[in-house]
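Read top to bottom, the protein sequences are chains A and B.
Letter by letter, the first sequence follows residues 47 to 500 of the working numbering.
Letter by letter, the second sequence follows residues 6 to 450 of the working numbering.
Rather than coming from a laboratory, the hints here were simulated on the basis of the structure.
Just to be clear, a hint being listed does not mean it is correct.
[Said to hold, decoys possible] Across the chosen pairs, the derived CB separations fall in these ranges: (1) B:Glu147 / A:Ala437: 31 to 39 Å; (2) A:Glu254 / B:Asn171: 48 to 56 Å; (3) A:Pro194 / B:Gly44: 57 to 65 Å; (4) A:Ala215 / B:Ala215: 41 to 49 Å; (5) B:Ala215 / A:Leu258: 48 to 56 Å; (6) B:Ala215 / A:Pro376: 20 to 28 Å; (7) B:Arg161 / A:Glu198: 48 to 56 Å; (8) A:Glu202 / B:Arg161: 53 to 61 Å.
[Unchecked claim] Away from chain B, derived, C-beta distances all over 12 Å, residues of chain A: (9) Leu65; (10) Cys75; (11) Arg100; (12) Arg148; (13) His175; (14) Arg180; (15) Ala186; (16) Pro190; (17) Ala206; (18) Ala260; (19) Asp279; (20) Glu297; (21) Ala334; (22) Val429; (23) Asp480; (24) Thr488.
Please read all numbers here as calculations on a predicted model, not as lab measurements.
Where a beta carbon is used, it is the ideal one built from N, C-alpha and C, also for glycine.
These are the residues of each chain, in order.
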Amino acid sequence: MRELKISPGGVRGVVGSGLTPELTVDFACAFATWCGGEAVAVARDTRRSSEMIRAAVVAGLLSGGCEVIDLGVGSSPLASFAARELGAGGGIAITGSHNDARWNALKFFGPDGLLLNAVAGEELLDVYHAAAYRLAPAEAMLPPAAAPEVEERYLEHLLAALDGEAIRARGFRVAVDFCNGSCAPLAARFLAALRCELVPLNDEPSGEFAHLPAPTAANMRQLATLTRYLGADLGAAVNVDGDRIGFVTAEGRPLSEEYALPLAALNRMERRPGLVVTNHSTSRMVEAVAARYGQQVQRTPVGEGYVVDCGVAEEAVLAGEGSGGVAILPATMTFDALLTLGVVLETLATTGAGLAELVAQLPAFAVRKSELACPPDLVYRCVEAFRDRHAAEAPDTSDGVRVAWPDGWLHVRASNTEPLLRVIAEADTAERADAIHEAALTFARRVAFGHEGG
Amino acid sequence: MPEALSLKIGATGVRGVVGESLTPQVVTAYAAAFGTYCGAGPIVVGTDTRPSGEMLKQAAISGLLSVGCAPVDLGIAPSPVLQHFVRASGAFGGVSVTSGHQPPEWNALRFFGPSGIVLRPNQAAELTDLYHQGAYPRVPAEAIAGVRRDETATARHRETVLRHVNVERIRGRRFKLVADCANGAGSSATRELLEALGCDLVMLNAEPGAEPPAKHLGELAEAVRTGGANLGFAQDPDADRVALVDESGEMLDEGCTVALCVRHGLRRWGGPVVVNVATSRMIDDLAAEAGAEVVRTKVGESHVVEAMLARGAAIGGEENGGVIAAAINPCRDSFVAMALVLEALADEGGTLSDMRATMPVYAVARTVLEFQPREVPPAMRRLQRLYEGNVTSLLDGVTAAWPDRWLQARPSSTQPVVRVSAEADTAAAAEALLHEAAECLQPPR
Chain A
47 MRELKISPGG VRGVVGSGLT PELTVDFACA FATWCGGEAV AVARDTRRSS EMIRAAVVAG
107 LLSGGCEVID LGVGSSPLAS FAARELGAGG GIAITGSHND ARWNALKFFG PDGLLLNAVA
167 GEELLDVYHA AAYRLAPAEA MLPPAAAPEV EERYLEHLLA ALDGEAIRAR GFRVAVDFCN
227 GSCAPLAARF LAALRCELVP LNDEPSGEFA HLPAPTAANM RQLATLTRYL GADLGAAVNV
287 DGDRIGFVTA EGRPLSEEYA LPLAALNRME RRPGLVVTNH STSRMVEAVA ARYGQQVQRT
347 PVGEGYVVDC GVAEEAVLAG EGSGGVAILP ATMTFDALLT LGVVLETLAT TGAGLAELVA
407 QLPAFAVRKS ELACPPDLVY RCVEAFRDRH AAEAPDTSDG VRVAWPDGWL HVRASNTEPL
467 LRVIAEADTA ERADAIHEAA LTFARRVAFG HEGG
Chain B
6 MPEALSLKIG ATGVRGVVGE SLTPQVVTAY AAAFGTYCGA GPIVVGTDTR PSGEMLKQAA
66 ISGLLSVGCA PVDLGIAPSP VLQHFVRASG AFGGVSVTSG HQPPEWNALR FFGPSGIVLR
126 PNQAAELTDL YHQGAYPRVP AEAIAGVRRD ETATARHRET VLRHVNVERI RGRRFKLVAD
186 CANGAGSSAT RELLEALGCD LVMLNAEPGA EPPAKHLGEL AEAVRTGGAN LGFAQDPDAD
246 RVALVDESGE MLDEGCTVAL CVRHGLRRWG GPVVVNVATS RMIDDLAAEA GAEVVRTKVG
306 ESHVVEAMLA RGAAIGGEEN GGVIAAAINP CRDSFVAMAL VLEALADEGG TLSDMRATMP
366 VYAVARTVLE FQPREVPPAM RRLQRLYEGN VTSLLDGVTA AWPDRWLQAR PSSTQPVVRV
426 SAEADTAAAA EALLHEAAEC LQPPR
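Given only the sequences and the hints, what does the whole structure look like? Please build it.
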């Protein structure tokens, strides 16, 4: 099978077999057409394949008459910010994000800095499918131009959203694992401005990832050890393109990536109470925090495009997902690991508590997640079967199937980015979470493969 | 020309109109085919000064990276400099994004093999086959190389040229020169080479990327005359060809550049000399003078270079001002041509017009006839019948010779036109011969 996933939010594939320069040129041409040949900000992550993808993107954009604002190696939130700040027609982040090094992807941002939502993404796909691309005359083409001042303005923008004085007064020591991604130089300046001492880990922007990029507890073992031995106030694992974040306590306990959103909620509900948006697969911890401040949580289908879009539309103060992606609204229009780190530091500074104490304020739900590698046709058959299985329990079917009980919930859905079936369960107790999760996995295997083995 | 015909993929590479037919999709795929053809190694890329060059270069880089090649980016680089760098650096091949003298909406990619030599027609055909098959073995992400920038190509090329001419003797003449670079890719390399040769230099139109001046050769002649210069050089925007202006401001026929260099080259290195079938008979006279053999080839750099290498010829070229000195850089190279002209002048001691006066003189008449594509072969057959007893070559079109005149007519490989040139002792005789041939090719309807 060709490992390629084309969806409204972007194009993702295994480089070579799925994601080729020809396909990339086509999508860049489609994007140039979609944004009417206006300027486009382009950032890339540190992967070996990103330079190749960038060359194809630049060629396609120039051919469509776009001026290319070249951010070089830069994070996805920087691309989003640049598109908005420079009044560009859009932005493209070249990054495989949380996927392993074989993968790469294009993330498309609109002029508002938001990832293309379902509607805009469909428009882009229409252009791609029709293959009727805007072609600019040769004499109008300009070479890509760098925009070094954008990074400066982005940093100022992040700092303006925080109580810098409180954070600076504490002089935190922060260990950050950059997974050899694009964020290290920017993070160093960000933390220096907050008078934090940075203990960097895997900060070489080599694209040779020291571990899998997703900020899960399993990928934070090295960071946990470093955080504890060097006496850091907290540890943070930042995704390759700076959109997701995971945390480690001062005692060296890696927290599930589910904690990023409720930890940010502790800050937002205190300082700027309002609506929170998350997806159907995310832990109920965030509801507990919101409820404490009398605020609501709205659920959407899985994907940054859905949650942030809904958050902006509903004037929410926070939007995020259980994957560790958090958008502090309205300061950013995208998941932003650095700003998420900033608000957690702000909470530590203003409350005087340690990270472990903040975690203790959150309800201890048990979460079980697994993924079942499954060809696309079987994935949808499985989702259908779950819909029938739980028909009597009024499931939410806006994104796969989500069933809620008083003491827990189950969410089964097809991955947006890979040929996988994702099964997520959460419950008040570990036993109940195990039971829900195991029963669902067994059922899925039987539907997909006709047997119950793995 | 209708839109459908503006894309040309074939023996000379890929040419087309940007914004119409020469799209990044075509270039990316063709570059992936070329990378597959050359193998996963360094491939040198460069552009001329056209605004669309960057777009096409990025498309080519992406395609090359996807099949495991390691692009070496020279930025703006004239083709002869790029071709020299391919050979000097041991690269697997080269791609030059350049369209010479064509209008600005056109651009093209030329492809060079491992020694920097433009692909031969059979190689180009194999490459086009690969492109049509469309299956390029992509490498996985971990095997993708990086892009390396290189700023040394011009200096390395200059060192090679200087190593092959008598720099001391040229410097001794302290030539006063005007060089018109047509705002092309060769502007700074020309300045650096001529300064290294001790010339007192006035540069015209030496801003790479600025609009090429429309009728700039008048400006050059004027600058030579009023500035009291020894001679002027008119370089084409791609820096593969150069025309000469003598000290009185007279523009020499472009065939003179090749003739002067051939005479000088035969004195230095001996024969044989290789030129294409459309190059002036001056070459035959000069070769006879030197007791050297003349080898004629089809028109096109690849044919001339191939024959030069096969026959061990040191000097050759094409009628349009493209000088090839195989020992220095086996391609059309205006820098080599300028250095050889200066060395010849230094050796002989006189002025350019003195030197021109010692050369055989023919009057030349040229025309280009337009046809419907299917009309070309019968027209060529008519011409062949007309000159039956005098046809000397059918290698590329029809060549016919008489004791006092000479005619060459050949169909273009890229457009439905026939190019005709006639040489004779007088302008009237040349015009009469050209007229006769044109009447035969295009009979009144």
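Status of the hints after comparison with the structure:
1. B:Glu147 / A:Ala437: 31 to 39 Å: violated (46 Å)
2. A:Glu254 / B:Asn171: 48 to 56 Å: holds (53 Å)
3. A:Pro194 / B:Gly44: 57 to 65 Å: violated (38 Å)
4. A:Ala215 / B:Ala215: 41 to 49 Å: violated (57 Å)
5. B:Ala215 / A:Leu258: 48 to 56 Å: Given range 48 to 56 Å: holds, Cβ gap about 51 Å.
6. B:Ala215 / A:Pro376: 20 to 28 Å: violated (46 Å)
7. B:Arg161 / A:Glu198: 48 to 56 Å: violated (39 Å)
8. A:Glu202 / B:Arg161: 53 to 61 Å: violated (45 Å)
9. Leu65: violated (9 Å)
10. Cys75: Given a closest Cβ separation of 7 Å, the condition is violated.
11. Arg100: violated (8 Å)
12. Arg148: violated (5 Å)
13. His175: Consistent with the label, A:His175 stays out of reach of chain B, its closest Cβ about 15 Å off (over 12 Å).
14. Arg180: The claim breaks: A:Arg180 does not keep its Cβ more than 12 Å from every Cβ of chain B (closest is about 9 Å).
15. Ala186: violated (7 Å)
16. Pro190: Non-interface label on A:Pro190 violated, nearest chain B Cβ at 7 Å vs cutoff 12 Å.
17. Ala206: A:Ala206 clear of chain B: closest Cβ-Cβ about 36 Å, beyond 12 Å.
18. Ala260: holds (17 Å)
19. Asp279: Holds, because the least Cβ-Cβ distance between A:Asp279 and chain B comes to about 36 Å, which exceeds 12 Å.
20. Glu297: holds (37 Å)
21. Ala334: holds (41 Å)
22. Val429: holds (30 Å)
23. Asp480: About 37 Å separates A:Asp480 from the closest Cβ of chain B, which puts it past 12 Å; holds.
24. Thr488: Its Cβ never comes within 12 Å of chain B, the nearest being 35 Å, so this holds.
Checked against the numbered hints above, the structure violates hints 1, 3, 4, 6, 7, 8, 9, 10, 11, 12, 14, 15, 16; every other hint is satisfied.
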